[in-house]
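Visitor: Same order as they appear, the protein sequences are chains A and B.
Counted the way UniProt numbering counts, the first sequence spans residues 1 to 293.
Counted the way UniProt numbering counts, the second sequence spans residues 1 to 293.
Warning: the hint list may mix true and false statements.
Identical copies look the same in the list; a pair holds intra-copy or inter-copy alike.
Subject to a maximum C-alpha distance of 30 Å in a straight line, what follows is the list of computed DSS-like cross-link-like pairs (lysine-lysine) [stated by the list, open to error]:
1. LYS49 - LYS12
2. LYS79 - LYS248
3. LYS245 - LYS79
4. LYS92 - LYS245
5. LYS93 - LYS49
Bear in mind the hints are in silico, worked out from the structure with no lab data behind them.
Small disclaimer: the values here were computed from a predicted structure and weren't measured.
Spelled out, the chains give:
2 protein chains.
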Amino acid sequence: MIIGAIEAGGTKFVCGIGNEHGEISDRISFPTEEPGKTTQKAADYFKDKGIEALGVGSFGPLDLDTSSATYGHVTTTPKPGWANYDLLGHLKKELNVPAGFDTDVNAAAFGEARWGAAQGLDSCLYYTVGTGIGVGVYAGGRLIHGLIHPEGGHVLVRRHPDDTFAGACPYHGDCLEGMAAGPAIAKRWGQSGDSLSEDHPAWDIEAHYLAEAITGAILLLSPKKIILGGGVMYQNQLFPLIRQKVAKNLNGYVASSALDDLDRYIVPPGLGDNAGLVGSVALGVEAAGRLRA
Amino acid sequence: MIIGAIEAGGTKFVCGIGNEHGEISDRISFPTEEPGKTTQKAADYFKDKGIEALGVGSFGPLDLDTSSATYGHVTTTPKPGWANYDLLGHLKKELNVPAGFDTDVNAAAFGEARWGAAQGLDSCLYYTVGTGIGVGVYAGGRLIHGLIHPEGGHVLVRRHPDDTFAGACPYHGDCLEGMAAGPAIAKRWGQSGDSLSEDHPAWDIEAHYLAEAITGAILLLSPKKIILGGGVMYQNQLFPLIRQKVAKNLNGYVASSALDDLDRYIVPPGLGDNAGLVGSVALGVEAAGRLRA
């Protein structure tokens, strides 16, 4: 099966060719420019590849309601030119194959559930912690949508007792993204996270906010795996700190043996930096299956 | 279709007879005593009723993993005699009909989605705010389970700035349940919520904590309806306060027209106090369907 996949990010587009085992045989990437030009570049890449279906994991917010007149559109983004852009429609018109479409983080959660750290499980959460924070939710064997789609990067969090930073989110100030995304770290410390030592107090504060959000998600949804990706999570020292704080927060309340072994429960992506692209392959495989069914 | 339904609470059992339209034709209720005696009383009630299937919405925590050896058991409850009790097994042995089984709050969410305030929607959250706080999660057209099941009554919440109460949860202190369940209100004010006037500052504090949790759930899951039931929610003045605070928390971030009209989005149960029992009927109807499929 030849599947086209697009990880449509706000900064760059990654396009690739994958198969029903989640293997990637080819890829390109290019900067995200104005939507017509960017989409055309993607379509041109796929045109001679013989793809049977397409999967697209995109930055948002998106309209994912298949009964909506604007299904497949990017909706209210501040990104110039992209608001109300019919991303899926333009791609389908050019490529004329069945297509799956979801948020970049839902795609990554799906990829991890198919072929990554949550393989074989019917639920997982995928957090990306980078220039923003996004959360993909896979539960009951499907990706979760609702009014729109998960926007769990903006959940409210209790403050770290030593933290006086006001927060960097233009909507909420000190929500999770406002306190813990890359730009918040840089603003709080006056230098980028990359340049801070492993034992800098920044990481205890960072782990605090991520643990607050993760604890809330465990209590609300009871997911079978929590996967943390994105640039900030290259700071490997965060994992043990986060696990420690989540254990302290839960305090034994949720009785599941999985939570006795957080080293295996809160983990980096099994697919590494490919989670989004491979997840988009999974969306494409699903779309191909829907066609045959 | 004749469906047996049990709302198995920690204080009382409600048993009833319902049909595929969610209508209840008969019911009894009795105190929850030791498990053998209580379960037998329920089974005796149904024995001459000709039920085709049974639905049970129970207090928890529960084992809901159908592949588990202890599926259908109440698990770690401190309630004397009930820990590790095979509730579903005992009922099935006595009644020998297909049975659906879930938490009381998941059952209520399901009932509301079938025949109540979320009728026709594929997602909703059901909160009960009473002696404890529980949350049922219906998403993507199904009830959500995971490691165990939603325990969203214990999510972490930011403090109300005027509140110095330490919190009443034995596990987490000042989690949602520890700050906002009936016993927390009584402990904070030295008198039960029922005896406080409608304009008492208690209700602003109460609304704050519920709004914190609801905001987090909207951001993480984007549910199509939020339903608030339970004894504390008889305080109708809470609804406008909660809606106001949720709107302020979200600050327009989640772009959905449903959130422009919170009077229709954050609502009391359409099924009133019957949500749990009628939801258990829905579980029974589903179990009967599975048998025929």
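Visitor: Work down the list of hints and note, for each, if the structure agrees.
Guide: So, going through the hints one by one against the coordinates:
{"no.": "1", "hint": "LYS49 - LYS12", "result": "within (21 Å within a copy, 64 Å between copies)"}
{"no.": "2", "hint": "LYS79 - LYS248", "result": "between (39 Å within a copy, 24 Å between copies)"}
{"no.": "3", "hint": "LYS245 - LYS79", "result": "between (35 Å within a copy, 29 Å between copies)"}
{"no.": "4", "hint": "LYS92 - LYS245", "result": "neither (45 Å within a copy, 42 Å between copies)"}
{"no.": "5", "hint": "LYS93 - LYS49", "result": "within (16 Å within a copy, 59 Å between copies)"}
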